[in-house]
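Participant: As they're listed, the protein sequences go chains L and H. Counting in numbering that gives the first Met the number 0, the first sequence runs from 0 upward without gaps. Counting in numbering that gives the first Met the number 0, the second sequence runs from 0 upward without gaps.
To be clear, the hints were calculated from the coordinates, so they are not data collected in a lab. Be careful, since some hints might not be right.
In silico EDC-like links for lysine to aspartate or glutamate, alpha-carbon gap of 16 Å or less [stated by the list, open to error]: (1) K261(H) x D203(H); (2) K297(H) x E60(L); (3) K204(H) x D164(H); (4) K33(L) x E77(L); (5) K261(H) x D251(H); (6) K297(H) x D49(L).
These numbers were taken from a predicted model, which means no experiment stands behind them.
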Amino acid sequence: MSEVATPVSGEIKFNIQVSDELTQNVKPLLHEIKHALESLIENGDTSIIDLRSIPLAPGEEDRILDTLGKGEVQAKLESLGLSEIIETQYAGVWVVTHYNDDGNIISRFIEVTTMPSILSSQTEDVMAAYSSLTLDLDENQETI
Amino acid sequence: MTDRINNKDKSPADLVQLEKSRLDKTLGETLRSQGISRRSFLKFCAATASMMAMSPAMIPKIAHALENARRPSVIWLSFQECTGCTESLTRAHASTVESLIFDSISLDYHHTLQAAAGHAAEEAREIAMEENYGKYLLVVDGSIPMDNPGYSTIAGISNYDMLMDTAKGAAAIIAVGTCATYGGIPHADPNPTGAVSVGDLIKDKPIINVPGCPPIPVVITGVLTHFLTFGSIPELDHIGRPKVFYGQSIHDRCYRRPFYDKGLFAETFDDEGAKKGWCLYKLGCKGPTTYNACATAKWNDGTSFPIEAGHPCIGCSEPDFWDGGGFYKALSMPTANITETAIYTAAGAAAAGVALGAMNRSKKNSAAAAHSDTTIDDLEK
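Same shape as in the complex, but just chain H (with noise of 0.2 Å):
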């Protein structure tokens, strides 16, 4: 990626056929190349199963598919979005790692990076299209319009269009944040753009679908490392996300988890419960409805979470948040009877878990049909 950031001068041709001699050559050959060690790789290894929250027992399987993956092409179209995806992802904290990543794969395509513009941008993704037809890695972030197509274009091109376009060669795609995951921001009620996802119009190839507002850049980086890992996707939920990343609820990770069990909570964000870092459950937190790896991936430098930070969760994984009924808005109250039974064993505590799990989906899916604005009253309670 750097390399064709810093080739400006180099014509799209130019640009994917020094890329194209740089594909034959697999991850191994290339980190050999740069004087990378097998030892320095086992460490590089190391990190990459922490960071898709792989067992270690697969550092030596994930050393030895790596070596032997060649670069793919990657094509990241960016539609109606803020490009906090994309700062999420430049801005990891694990550079090394990252850098390594980028290196590996062979970045033909995305506008907020690469160095050309307009129809030169335009003219290298369909080289790369063309080059790697089948094979190449589609990446997406932001939602369609489906209203105006005039609502958002690139070089002229509607955003239905080129998504359509470039998604018929792909091996594979994935849906980077929640305006492409779900519709995101855009697709919040009252809808103005007829916003809609990745999922909404592509049926027939494998999508992975990565949201959060922003994702965390090593669930992004994970999910790019298993693909050129395995060649493969990795196991998805029922809406699409990738389980190793999404398959527990940021409450049944959160470290602030005991004192919901003990029915300890926060009343407001300056009591002594606030204070004393008790469950925030009371104000508004999501996180039992909320399927991330916030609470163990964390955030900024690996430093901490918003509920560590001393903010609920909002919930900002999962279709529709927006529209969920505030933020601040507590999901239900807890009953003494679940309280009660939780204290006693772990296997009460998940019972009651699941079960106030169904309540709150229960809640949250009614507060989506009968939508209130969220006020500013509703920021200060």
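For reference, chain L alone in the conformation it holds in the complex (with noise of 0.2 Å):
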């Protein structure tokens, strides 16, 4: 087992209490991302678990995410409240957590997908920015 994940930032706090493996839900839980790799792998369906529906005693989801570790990529979104998106050593498995303004975890989820959606430029900021640069060249044409 490798070391326990090390945040991206300093903001991220994990569990601190580690005990006993209490809901054995830890190892089924690795067993569906592995089943969820199989599924992109043969159809490309891709996956998300939602770690907050599911009940984990202390310390068992630091077990879940000092599993899955850390990989080649790291993102930051800074929008209401950073987001964290770890393509974890796993390629293929995301670890991505989404922060309140106070630095709280409102949500954590693990996907399984080549790109996690919100990584991806959406099509109506494409659409905005179309505009918003066609609005400063037009305005700007001596300065730029």
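These two chains come separately, so use the hints to put the complex back together.
Facilitator: The following block contains the structure:
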């Protein structure tokens, strides 16, 4: 087992209590991720697991994150509070954590996909960007 | 809501007009006008889906519905209550999400939070009712005294009259807290004020019961968000609670459940079992007969819930929990057969849980029928 996943920023605080494997939900969840990966490979199906919907004892969420570890990609989204999108050491398995303005976790998902949808540019934002850039170019022809 | 509190100098009519102009916008338009990107909106929807205990697969549907939702008018009435429900809600930990939700509704009356008082506040309520007749959402916390109306009045109006008058034009009613849903502590034996619940009085409107003493903040906002998102009430259980939050017992979702299945119990609050985190069933835990989301939604910034802090569940989301025979009296003792059966198979454990649940309900009802006062000795046991 690898070392406990180090957070991207100092604001992430995983549960500090470590207990015995109480609920025994850790292994089934890791197996579920394995099956989700299998489904992604074979059919291109993506999966999302909401960690807040599963009863976990103190320390068990840490154990899951510890086992998944960290991979090559770590991204931050700064809007409505911080979000961290981390690819685990298992390519295709991402941990997406959303925080509120106070730095508290409001949701945490494990996404099994080639690219979490929140990282992709959204059509509405792209259209707004096109309008904005067009306007800037028209208004500032001399200074650009 | 923030605007309403900040606009202290405006008259009730001006405030209602201000809100009405904002009501014309969809939530998507409102958020975009605030510079919130579609990506941020998706993040909000993901947190909302998690909060409402919905499948992550619902995130795109929530996004679509919320983008096109219009801001509903909400009138919040507080009767015989301790303000704990409002305290719970306003201290909700997912502040970003909650603030977005509250920016998405027009809270036209809440006498604890609004700046206006007395007759000016009542005028705001009456205008909001008239402007949004048949469409506003009515939220009620607190029970209603039916003995002497003077036990609880607002601006000289009895709780009963205000409830019946306001309920007439409501699209739906959300009863928040165990007092509004089942009478709560005012209804506890001997019920000196003749307290009744909202559901005891209103029979011709859809009522969503959100019990708890207080309810979990994200459960309150989750129900509001469900109404905002889908414009309908969520699926309810036999006593009017949303199944999505109250569909499973605390016992079934408790991380200490494996100790119960193995027959490992704390016998006192300071014995080895307590130190090892064993099941609190014998210390009076009402988890087996209590349906709520505490074990997964948790409290205090998602830190823990009573059982995780070492205290048995007191069953606060169930009717008449005050009269259940004592918070520290065990519901019933599990038999050796149940324990042995449960150890061997998960199916066995589930079956045992069902059987024991029936026993526990029976015992709880007996305790309520032969009500005995909880004494200081009970608390010290």
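Participant: Hints first: check each against the structure and report whether it holds.
Facilitator: Status of the hints after comparison with the structure:
no., hint, in the structure
1, K261(H) x D203(H), "violated (48 Å)"
2, K297(H) x E60(L), "holds (14 Å)"
3, K204(H) x D164(H), "holds (13 Å)"
4, K33(L) x E77(L), "violated (30 Å)"
5, K261(H) x D251(H), "holds (14 Å)"
6, K297(H) x D49(L), "holds (15 Å)"
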